[in-house]
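The listed protein sequences derive, respectively, from chains A and B. Heads up: the first sequence begins at 313 in the numbering used here, then just goes up one per residue. Heads up: the second sequence begins at 251 in the numbering used here, then just goes up one per residue.
No lab work stands behind these hints, which were simulated from the structure alone. There may be inaccurate statements among the hints.
[To be verified] Partial list, computed: chain B residues near chain A (C-beta under 10 Å):
id, residue
1, Ser350
2, Arg484
3, Arg572
4, Pro583
5, Tyr587
6, Phe595
7, Gly615
8, Tyr684
[Said to hold, decoys possible] Simulated pairs of lysine-lysine, DSSO-like, Cα-Cα distance not exceeding 30 Å:
id, chain 1, residue 1, chain 2, residue 2
9, B, Lys564, B, Lys593
10, B, Lys593, A, Lys476
11, B, Lys593, A, Lys577
Bear in mind the structure is a predicted one, so any value in this text is a computation, not a measurement. Glycine included, every Cβ here is placed at the ideal spot set by N, Cα and C.
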Amino acid sequence: MTELGSSPVVEPGSGDRASEEELSLAPEQRFQIPPALVNAGAPILGAIIGLLIGALLIVIAGRDPVEAYASMLKGAFGGSRQITETLLKAAPLLLTGLGFTVAFRTRVWNIGGEGQYYMGALLGGMVALFFPEWPPGLLLPAMLLAGVVGGMLWAALAALLKIKRGVSEIISTLMLNYIAVLLVAYLSRGPLQEPGGYLPESAQFVEAARLPGLFGTRVHLGVLIALFFVPLVYVLLWVTPLGFWLRAVGSKDSVAEYAGFNVEKAIFFAMAFSGALAGLTGLIEVSTVHTRLKATITGGYGFSGILVALLGRLHPVGVVLASVFFAALFIGAESMHVLSGLPETLAEAIQAVVVLSVLATDALAHRGQAE
Amino acid sequence: MRGIVKRFPGVVANAGVDFDLLPGEIHALLGENGAGKTTLMNVLYGLYEPDAGEIWLYGKRVSFASPRDAIASGLGMVHQHFMLIPPFTVAENIILGQRSPREPLLEDRSSVYERLLALSERYGLAIQPDAEVWTLSVGEQQRVEILKALYRGAEVLILDEPTAVLTPQEVEELLAILHRLVDEGKSIIFISHKLDEVLAASDRITVLRDGKVVDTVDASATNKKALARMMVGREVVLRVSKKPANPREPRLIVRELRANSDRGLPALRGVSFEVRAGEIFGIAGVAGNGQSELEEVIAGLRRATAGQVIICDKDTTNCSPREVGQAGLAHIPSDRYRRGLLKDFSVADNLVLQRVSSPPFTVHGVLRRDVIRQEAQRLVREFDVRTPSVDTPAGKLSGGNAQKMILARELARNPRVLLAAQPTRGLDVSAIEYVHRRLIEQRDAGLAILLISTELEEILTLSDRIGVMYEGEIVGVVDAREANINEIGLMMTGSKRQGDDVKEGAA
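With the sequences and hints as input, model every part of the structure.
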């Protein structure tokens with residue numbers, strides 16, 4: 313409880329302290345609902361509440377909410393084509409969301425996913441543009457690596473500013489977003505513009521520079537890469553001492569410092585890791601969806617990945633669920649638009665409502681548990 | 251208050267408590283952590299609704315649904331953790347949350363100032379209404395809280411552990427203010443677990459244990475030993491006995507150490523001493539004379555601007571905490587929750603905090619959960635840490651158990667030197683006894699212990715030699731057997747240096 317809660321009438325701190333005193337007597341008997349159940353149940357309850365509020369919005373828009381949600385569900389999961397679309401949308405959300413999970417667990421507030429995404433796309437895309445003659449077996453790994461490095465370097469800049477100069481990473485990463493987006497915009501109608509072309513975009517990548525589809529479907533290697541990082545992030549955070557160190561810094565940096573953990577290195581690592589995944593996402597998207605560099609290669613993943621990470625409660629499995637949920641809302645909104653004639657923006661409103669209600673339910677559930 | 255019962259799921263915090271307060275008296279509520287003191291006061295203050303029992307105020311049965319009702323009936327509470335906004339002035343903090351007579355504008359500043367100054371004068375609080383709170387000392391902030399309660403018309407003041415955060419001088423000032431308040435007709439409930447203060451401050455004492463009243467006694471008719479027995483329910487050794495020290499080679503050497511405070515002002519001004527194996531060297535002093543800076547510099551948490559720290563023949567000046575630890579230092583930090591433990595990590599994780607990335611806790615880059623838990627279970631048993639399980643978040647432990655956990659962790663590192671800073675701050679009698687016993691046991695086993703404490707009593711009980719710190723210097727070192735409390739007291743306040751002509755740091 314901070315001084316903000318200092319309204320003399322409510323006095324929240326004292327209530328908490330009293331319960332702390334009681335806790336010392338019999339901590340295990342304090343909760344009637346097991347914490348594990350609260351942890352799992354709260355986000356689900358929140359999502360249901362959010363969808364109910366969303367139903368209200370649909371009613372206001374003059375449509376039947378059951379029908380709208382049904383068309384949404386069908387649009388997202390109704391057939392293999394729909395499932396493919398949902399997966400393709402979920403993969404970039406998952407990948408950026410996993411990066412933010414590591415950053416936020418370390419309490420590093422990387423808001424610069426968008427810029428890191430652009431820099432990954434740029435560096436990887438430049439490899440594709442400059443070395444079109446390379447065989448796919450060399451070109452694709454080189455592009456992936458360049459994508460990682462691009463995002464990582466962009467994030468490292470913010471990390472260094474924070475460590476060396478104490479600049480808030482929230483501000484620096486946000487500002488670096490603009491620089492990265494505008495840099496790509498400038499390059500794609502300047503030095504990197506397609507020779508002889510008149511649109512502000514680069515030449516199209518060669519076939520070898522596009523991530524291959526899997527088993528003859530549109531589901532491409534990028535989805536597999538994203539899934540590969542799910543266990544990896546889990547192992548990193550909870551199985552290795554490095555993860556212990558990151559979480560310790562995130563839990564309380566002054567204690568981590570006392571315990572001999574290098575706080576600055578942890579901040580740098582967390583920032584660079586989340587930047588690397590955002591950069592990788594940028595490269596994957598530009599290689600599969602856009603197939604060229606231009607100003608509009610965004611999918612908004614640098615920002616919606618933050619929501620996915622928070623909605624997934626900073627746990628890799630939760631992030632998987634949240635990214636599929638988000639992707640289904642996106643994709644389902646299109647068919648809701650077609651079948652029910654509802655505006656697509658309504659789907660965005662529903663997404664926002666769901667995220668807010670999940671976070672609010674979560675906060676309420678944990679207030680009961682706070683020491 | 252008659253027959254107050256308050257239950258929490260699985261716990262009866264107050265089991266039929268009777269408590270009465272006479273006009274113009276200071277009534278202490280004494281008990282160990284978890285005895286139900288705070289719960290009782292929260293019931294009185296309207297924060298909790300009692301499950302049974304009644305509250306009578308000036309002959310009228312009352313029931314408070316919220317603190318707002320309690321305040322309106324003339325109750326005021328001063329919490330242990332102040333509820334003040336640092337960048338606001340005293341006056342702004344006091345009118346905060348109160349309805350202004352000329353909404354939506356704030357109350358007229360000069361009339362508020364006038365009333366505050368009058369109150370401050372009347373009760374000797376010496377508070378300026380226009381001072382910004384962050385510039386005030388802890389003792390002054392507490393007086394702002396008292397002023398706030400008085401401003402709202404409190405006739406009965408509840409002070410929850412008011413001395414826990416104060417220096418000995420500030421405690422004396424507070425006690426003087428309390429007596430003045432009582433002389434002016436106010437009544438005071440004084441919650442504490444410190445025996446000395448309770449005896450010094452109060453007229454009557456009610457002792458709580460396990461949610462029940464043990465007894466209510468006149469302060470003049472009892473003594474420390476009797477109170478401690480009532481509080482704990484058994485005989486308590488207030489002063490742990492110890493054998494004479496058998497000091498050997500120096501393990502920690504501090505030479506001409508200088509360092510700055512957070513504000514960039516010199517906080518250590520040439521400190522020198524040494525601590526030998528098998529002895530406890532105590533640093534006495536009033537809080538804020540450089541002790542926390544000394545602690546941090548030795549532990550590698552603050553840069554020294556000059557001088558040397560040598561641990562077991564290794565120069566560790568400005569080394570990282572990890573390197574200092576490797577040289578053989580273990581550290582019980584003075585600020586338990588800022589430095590000592592990760593509240594949302596499990597007890598097990600906290601118990602291996604510094605050792606987690608080395609074998610046997612990490613093998614081939616993989617954390618061994620089972621080994622970590624085994625070690626934790628061993629330590630929890632050996633150090634009697636009361637916790638439901640080693641998987642419980644450390645933030646849920648009581649203060650005493652949290653401190654035992656830290657002690658266990660630090661001793662488990664097999665240190666050569668132990669830096670124990672305020673090792674019993676905020677603990678109750680039995681936990682203090684436990685920590686003291688462990689420290690002496692370790693000394694006898696040959697550990698070099700540097701004890702930094704602002705509790706003079708603790709320094710005198712434990713130390714073999716005592717260094718007195720004043721304004722960033724060691725103004726004298728005395729042998730504990732020949733220690734003269736008056737002389738140490740004078741040195742602590744800067745009125746005397748050892749031998750008058752002896753320079754700093756005579757070791």
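Hints, verified against the model:
1. Ser350: violated (14 Å)
2. Arg484: violated (18 Å)
3. Arg572: holds (3 Å)
4. Pro583: holds (6 Å)
5. Tyr587: With a minimum Cβ separation of about 8 Å from chain A (threshold 10 Å), the hint on B/Tyr587 holds.
6. Phe595: With a closest approach of 6 Å, the B/Phe595 hint holds.
7. Gly615: Since chain A brings a Cβ to about 6 Å from B/Gly615, closer than 10 Å, the hint holds.
8. Tyr684: This interface hint is violated because 15 Å lies over the 10 Å limit.
9. B/Lys564 to B/Lys593: violated (33 Å)
10. B/Lys593 to A/Lys476: Status holds; Cα separation ~28 Å.
11. B/Lys593 to A/Lys577: holds (22 Å)
In this structure, the earlier hints numbered 1, 2, 8, 9 are contradicted, and the remaining ones agree with it.
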